[in-house]
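Visitor: Sequence:
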Amino acid sequence: MKRQLVKYIGIIFFTLAVIACGSKKAVTRSIESDADAATLIKKHNASEVDFKTLEARLRGSYVTEEEQQSISVSMRMEKDKVIWLSAKLAGIIPLAKVKITPNRVQYYEKINGTYFDGDFSLLSKWLGTDLDFKKVQNLLIGQAIYNLNAEPYKVENTDQGVRLASKNNSEVAKFILLNPVNFRVKAQQLVREKENQSVTVSYPEYEDFEGKQFPKEINIAVNEKAKNTNITISYRSLSFNEPVSFPFEIPSGYDEMIIE
Numbered sequence: 001m002k003r004q005l006v007k008y009i010g011i012i013f014f015t016l017a018v019i020a021c022g023s024k025k026a027v028t029r030s031i032e033s034d035a036d037a038a039t040l041i042k043k044h045n046a047s048e049v050d051f052k053t054l055e056a057r058l059r060g061s062y063v064t065e066e067e068q069q070s071i072s073v074s075m076r077m078e079k080d081k082v083i084w085l086s087a088k089l090a091g092i093i094p095l096a097k098v099k100i101t102p103n104r105v106q107y108y109e110k111i112n113g114t115y116f117d118g119d120f121s122l123l124s125k126w127l128g129t130d131l132d133f134k135k136v137q138n139l140l141i142g143q144a145i146y147n148l149n150a151e152p153y154k155v156e157n158t159d160q161g162v163r164l165a166s167k168n169n170s171e172v173a174k175f176i177l178l179n180p181v182n183f184r185v186k187a188q189q190l191v192r193e194k195e196n197q198s199v200t201v202s203y204p205e206y207e208d209f210e211g212k213q214f215p216k217e218i219n220i221a222v223n224e225k226a227k228n229t230n231i232t233i234s235y236r237s238l239s240f241n242e243p244v245s246f247p248f249e250i251p252s253g254y255d256e257m258i259i260e
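The sequence shown begins at 1 in the numbering used here and counts up by one.
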């Protein structure tokens, strides 16, 4: 129970990247010029929702072959500075709190009385994928998780939308599916083919919150060999640019989680 609970919270709050952008192959009219990719990336970056602070209520569900669970989450954010989350089981039982900044990750869970207080390098090692504050923030707001200007991409026109596919012949392949009208992310994928691993994040619907296009739901599929984990995060309410606070104090007597 302890390991599964902690892993669940970790996956929901810190996992990254993206869907296979549909199983269909790209159609033959694919465009692969650097100029077209650069234009799409520029338009996507310009589509990022603009806010100073955010406050939201979420519903998170977690399903594997062995178990399923649902939690309520309150989220507060000061863009580019702080992400704060408070989770409850069945909407009433305090479960965990998370506070992350660009240089620090703090977390505690009440059922087993454990906590983590460290940096992203430790957390990345534990979860097996490279993380930082910007990636987590982008995952939650529907923005490309990776910096698209950091490597070359090719453009493919698919039945689902316009897809950017990484050109580099590396161990990790990246795919990003964009809405061709507003250039918001429809899906993202990170694939390690040799390890038979992929993480898929899709945004099936956006909603107008106070004039801002924001994901209504985030679906995360983690596939590792024969094991599948599916997570759904639904935004129930959302407000922008109101005063917010980020109370966080690790209770005394809790045991520190040692990441080796």
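Just to be clear, a hint being listed does not mean it is correct.
To be verified - With a straight-line Cα cutoff of 27 Å, these simulated DSSO-like cross-link-like pairs (lysine-lysine) come out:
no. : residue 1 : residue 2
1   : Lys134    : Lys81
2   : Lys79     : Lys134
3   : Lys212    : Lys194
4   : Lys167    : Lys52
5   : Lys52     : Lys79
6   : Lys134    : Lys154
7   : Lys212    : Lys42
8   : Lys194    : Lys227
9   : Lys52     : Lys110
10  : Lys225    : Lys212
11  : Lys110    : Lys212
12  : Lys216    : Lys43
13  : Lys194    : Lys88
14  : Lys43     : Lys134
15  : Lys110    : Lys154
16  : Lys227    : Lys42
17  : Lys42     : Lys88
18  : Lys88     : Lys43
19  : Lys167    : Lys79
20  : Lys42     : Lys110
21  : Lys154    : Lys42
22  : Lys167    : Lys134
23  : Lys43     : Lys79
24  : Lys110    : Lys88
25  : Lys134    : Lys52
26  : Lys216    : Lys194
27  : Lys154    : Lys167
28  : Lys194    : Lys42
29  : Lys154    : Lys43
30  : Lys212    : Lys52
31  : Lys88     : Lys134
32  : Lys81     : Lys167
33  : Lys81     : Lys42
34  : Lys134    : Lys216
35  : Lys167    : Lys43
36  : Lys43     : Lys194
37  : Lys212    : Lys81
Said to hold, decoys possible - Between beta-carbon pairs, the in silico distance windows are:
no. : residue 1 : residue 2 : range
38  : Asp159    : Glu256    : 25 to 31 Å
39  : Ala46     : Ser234    : 46 to 52 Å
40  : Glu217    : Ile93     : 31 to 37 Å
Just so you know, these hints were derived from the structure itself, not from any lab. From the three backbone atoms N, C-alpha and C, an ideal C-beta is built for every residue, glycine too.
Visitor: Tell me the hint numbers this structure goes against, listed in increasing order.
Guide: 3, 4, 9, 10, 11, 13, 15, 16, 17, 18, 19, 20, 26, 28, 32, 36, 38, 39 and 40
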